[in-house]
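Number of protein chains: 2
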Amino acid sequence: MSLHGKLLIGSARVATDATFTAIDPATNGALDTAFAQGGPDHVAQACALAWEAFDTFRETSLELRASLLEKIADNILALGDALLERVGQESGLPRARLEGERGRTMGQLRLFASVVRQGDWLGVRVDPAMPERKPLPRADLRLRHIPVGPVAVFGASNFPLAFSVAGGDTASALAAGCPVVVKGHPAHPGASEMVGEAIAAAVKELGLPEGVFSLLSGTTNELGGALVADPRIKAVGFTGSRAGGLALVRIAQSRPEPIPVYAEMSSINPVLLMPAALKARAEALGQAFVGSLTMGAGQFCTNPGLIIAVESPDLERFIAAATEAIGKTTPLVMLTPGIAKAYKQGVKALADSPSTTILAQAAEGEGNTCSGVLFSVTAADFLADPALAHEVFGSSSVIVRCPDVDAVKAVLEGLEGQLTATMHLDEADYDAAAALLPTLERRVGRILANAWPTGVEVCHSMVHGGPYPATSDARTTSVGTLAIDRFLRPVCYQDLPDALLPAAVKHGNPLGLNRRVDGVVQPGK
Amino acid sequence: MSLHGKLLIGSARVATDATFTAIDPATNGALDTAFAQGGPDHVAQACALAWEAFDTFRETSLELRASLLEKIADNILALGDALLERVGQESGLPRARLEGERGRTMGQLRLFASVVRQGDWLGVRVDPAMPERKPLPRADLRLRHIPVGPVAVFGASNFPLAFSVAGGDTASALAAGCPVVVKGHPAHPGASEMVGEAIAAAVKELGLPEGVFSLLSGTTNELGGALVADPRIKAVGFTGSRAGGLALVRIAQSRPEPIPVYAEMSSINPVLLMPAALKARAEALGQAFVGSLTMGAGQFCTNPGLIIAVESPDLERFIAAATEAIGKTTPLVMLTPGIAKAYKQGVKALADSPSTTILAQAAEGEGNTCSGVLFSVTAADFLADPALAHEVFGSSSVIVRCPDVDAVKAVLEGLEGQLTATMHLDEADYDAAAALLPTLERRVGRILANAWPTGVEVCHSMVHGGPYPATSDARTTSVGTLAIDRFLRPVCYQDLPDALLPAAVKHGNPLGLNRRVDGVVQPGK
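Residue numbers (UniProt numbering), protein chains in the order written: chain A, 1 to 525; chain B, 1 to 525.
One chain only, chain A, in its complex shape:
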């Protein structure tokens, strides 16, 4: 499949004088195709189209919008091997992983289609008029949620399908009725173009306004900054580094009209090894831990970067098993040369700390590879140096040795907000775990028992979010169906004649929606 390298501004395909190429991280070699460098003018064009499309797109029928999401999934699948090959070249990720990720991408598009059709996301509420009420009658009051407006989505490097051009942010924004302008991640511009064309084709096939979707490529910060600053953009979805996310937050806050930024930024995902569980299966836990740590070269937001346990011979058994397992791992190619370089710097910083000991380190590989490494630190030293809690994106983890369970709690209380926390525990650990739960709830978005945080289920109950700085907005999730709420706001209609009411809140409930009437949900069908 040949790539055109152009910007997708609605239905226009726009070339630029300045271009860039993708790098194969396995070889450091440039891949084919010169990709356009989008700039502020292109942002303005894409946002103008998105704004123009907004009032039409947001009032499309639920069925049409669901069909769009399903059509996008179909079109992505129809790209076949060509997509998987290109994204493999651009990301260094193996075929099996990419097949799984493509499945997840299509799965979440289809899940959001089902959510759109079902309609509960509209959050319809009705308080019927009470003309006889004393001392004052009550008006007829009806509420629905409407989309906020065009959304800027920033493709992530580490999920080049599932959190990029047609990823969770795009799927949830389109589901809500928001046109989307994607700023593609420069590490995988070819895959971005292919997926972008799949979306654009779906928009066209369903007769929707071209401005429903645009894709801008480029390597400059100026491009993303202009996108977030554009007055027609009303919300931002981002997954990436803390520095990148906070830069976008600052731009969004300094606009004449500030807008919400949903940035998923950094997390070290503490894992607690409780005493009875550790005693019962220290070796198995050590092996499984290394599996989670090194999977995908550790390039997951939910990578277990911190192990917390009370000192004991069982902890030494865990460490011995983990050390042995890390020794057997082979270096894996990382997503980009930049990520590989940052990983080595992060590992060096931990190694250079006077507080840390290296417990285990896998053999170094060539080029842009990641080798697993395991550090140890005392709880007191860990609490004394916040730098030891910085995320090192890749297969690096720190084991915090605690003198007692009070120190475990102190370490948890000292942590910044996280996406996840995990407890390995047996029944004998329940009391101690229960005492730690309030702290975990205050610190994280998802709490796991006897599992590993990598692998995020796309479903209704998922929370891939958490207190700052795990994300810029702890009230939401970026994975799972609740993510649609990020792009909605409530509007109340008071005494509007039925002829003017939107279908969702009309008296006869023509959409058959579940509605909260006088505070109680009434089934629609």
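Treat the hints as calculated values from the structure; they're not laboratory data. Take the hints with a grain of salt, since some may be wrong.
Note that the list lumps identical chains together, so a pair holds whenever it fits in one copy or between two copies.
Listed next, the in silico BS3-like pairs over lysine-lysine satisfying Cα-Cα at most 27 Å (straight line) [said to hold, decoys possible]:
| no. | residue 1 | residue 2 |
| --- | --- | --- |
| 1 | K134 | K6 |
| 2 | K525 | K328 |
| 3 | K134 | K71 |
| 4 | K348 | K328 |
| 5 | K506 | K409 |
| 6 | K71 | K6 |
| 7 | K341 | K409 |
| 8 | K525 | K279 |
| 9 | K344 | K328 |
| 10 | K344 | K71 |
| 11 | K409 | K279 |
For chain A, the structure is supplied; the task is to place chain B on it using the hints.
Just chain B now, kept in the frame of chain A:
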């Protein structure tokens, strides 16, 4: 009833060397009682207690938390005439209004009690385990919402009961399970103390931790700034001026851990007079408009500060009726000398504009009074000068004369975000109104037909919110039961043993909650 004038820091009553007094706006005279000037140390003490109370308070039973809200309502009623007299002295508001406002205050506390008991606000979702799923099994995933943490509430001047110490922000935060630290409005410190003691008594009677509620008084910006900056405060509720709200937003955003600020700031609440309605009842509309404009000296967030209509003889009939009605109004005492001064300045700025004409102005009163005034401006002039769209808090309104319906739309599109928009319309106006609806939805939080925006029903469907700068966060409302969502965030539990799961998400559903199971709401009882 004698007042002590002290800060309420949990169960402690704290006097300070520096004090201030309340002013009777009707006389400019100082009222009795020297009130403590709270400072950063007091903020730290109150926030430490709130933090200490948080984990306990947030896990109280739904019944206990509902009882707290009801007990607060009972205790406020038990204050009897003494409360109404004091708040009347401090605010200049008449008795009948204050009786109504007290009723609303108790009503919203009781409404939130019913919401807490019902439990839907927990937003429970369950995706049961699928151990046989291929290629990977699904874990058991459960979601509930938890309160964000201690909340800072800023009492508003214009609703000294319903949006002050025990107002909507406090009620919704307590309902969510958040301890509350109120910064009382310095215009009504006596009423604040009385209501604060009513809350503190309820907290004590129900055996809850003292830190669930504190009340700090003071006249300095430093006090409020320190409160928003305290690391134990996790969200802020505010109703007041745009300058005040934005100052709090800036402080909240520059914290090491930024937090959400729900500031309801300013709105001029456009009212559209559609041609057929205007033709049918211009005089009645003109009279009713002045009733809404001058009620309570126009000191409502939803005061109709902007009338928009196409030029016609019927518009002149409306203006004539409004002019006559304004002439019959009598000056009303405003809430504070500062508000009265700002009103006069705002009116002068409009009068000094070369674009405006004064259509009508009521006779000037003595002292801190407000006299209704009506301006006229052309659509072109209005669009050319953004200052003409600034809120003038009080009974001032601007009529925008439009050459045609396109100009009406242009005026609406040119407005900043608003709390409300109103259309007066008859059936012959429906088509034109339908064409304007998308613009209104994008610009405001509540759309009314054939009504006036003053008078905000406290119910499930109310949205007292809207796009920036009407509020700092358009995704929410500060009035109505949806306001509880401001103080919640989702947490997901993955494979936690039932013994450790919070009751709301336990397998057996012991609380009998409605839950979304695999995406579909299942009734709990």
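Hint check results:
no.: 1; hint: K134 with K6; verdict: neither (65 Å within a copy, 39 Å between copies)
no.: 2; hint: K525 with K328; verdict: neither (57 Å within a copy, 54 Å between copies)
no.: 3; hint: K134 with K71; verdict: between (53 Å within a copy, 24 Å between copies)
no.: 4; hint: K348 with K328; verdict: within (21 Å within a copy, 80 Å between copies)
no.: 5; hint: K506 with K409; verdict: between (52 Å within a copy, 24 Å between copies)
no.: 6; hint: K71 with K6; verdict: within (23 Å within a copy, 65 Å between copies)
no.: 7; hint: K341 with K409; verdict: neither (34 Å within a copy, 54 Å between copies)
no.: 8; hint: K525 with K279; verdict: neither (53 Å within a copy, 42 Å between copies)
no.: 9; hint: K344 with K328; verdict: within (20 Å within a copy, 79 Å between copies)
no.: 10; hint: K344 with K71; verdict: neither (42 Å within a copy, 60 Å between copies)
no.: 11; hint: K409 with K279; verdict: within (20 Å within a copy, 71 Å between copies)
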